[in-house]
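**Student:** This is what each chain is made of:
Protein chains: 2
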Amino acid sequence: MDVQSIFKFIGEQKTAFIGSVDGDGFPNVKAMYAPRVIEGKEMYFSTNTSSVRVAQFRQNERACVYFYKRGRFKYEGVQLVGRMEVLEDGESKRKIWRTGDSLFYKKGVTDPDYCVLRFTAERGRYYCNFKNFDFEL
Amino acid sequence: MDVQSIFKFIGEQKTAFIGSVDGDGFPNVKAMYAPRVIEGKEMYFSTNTSSVRVAQFRQNERACVYFYKRGRFKYEGVQLVGRMEVLEDGESKRKIWRTGDSLFYKKGVTDPDYCVLRFTAERGRYYCNFKNFDFEL
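These protein sequences, in sequence, are chains A and B. Using this note's numbering, the letters of the first sequence map in sequence onto residues 1 to 137. Using this note's numbering, the letters of the second sequence map in sequence onto residues 1 to 137.
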């Protein structure tokens, strides 16, 4: 398995599991929709500015993003570890905006409760059944 | 949603997503099989003593366990936050041993590479679509 194939696998997944560290030093995990945009080792997610996750990442940028597929005979997972930024500038918000988002963000792309999470991966680990493969990015 | 219903939901899931904190303070996430045994707020998982996760929990017991179901119209998730112990005593290892495990642990229930993770939940958060519900345990 090479890094290109791993990113192809990531691009096929519909759910991302986001890891953060809370104010007491405990890990937190939450499912999110797959990233809106993947550019090299950067991934962009949309979220609510008022969410718990945003507050955590403002305090501690350490993050991981995990993708997982459980097939009938094959279990594949990829963990990327890196840093998460909270972006509220107009350019970033327009970059990943989709028309249907106005159902959730009534004020549209400038809605203050809509923001962007940009994850930058630093390293990763790919799992398939009982084998691992570590990589740097 | 009450805590009893949340634990019923947990008992129906086949996959658990385990959160830990690595030596550099980054969150880590990994999919595991559902807990073998759930007793009140304690959950027992089987794993390899030599695994990265075991090494992390020996250094830092802070943990979370996340369960998730993505239906056609409904997204449900439960995050439990608590502490993870690594158990290597015979009683704990026998407690959750299953016959088929000897395929993976050649030396059987006393195999030194087989151990038990016991998670004790302290608090939780249940998510369904866009609503949250926090609870203490």
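I should point out that these hints are in silico values taken from the structure, not numbers from a laboratory. Be careful, since some hints might not be right.
Since the list can't tell identical chains apart, any single copy or any two copies may satisfy a pair.
[Stated by the list, open to error] List time: in silico EDC-like cross-link candidates among lysine to aspartate or glutamate, alpha-carbon distance up to 20 Å:
1) K131 to E39
2) K107 to E12
3) K74 to D113
4) K131 to D101
5) K14 to D113
6) K69 to D113
7) K107 to E91
8) K74 to D101
9) K69 to E122
10) K41 to D101
11) K14 to E61
12) K95 to E136
13) K131 to D113
14) K69 to D101
**Student:** Check the structure against each numbered hint from earlier and tell me which ones fail, lowest number first.
**Tutor:** Those not satisfied are hints 1, 2, 3, 5, 6, 9, 10, 11, 12 and 14.
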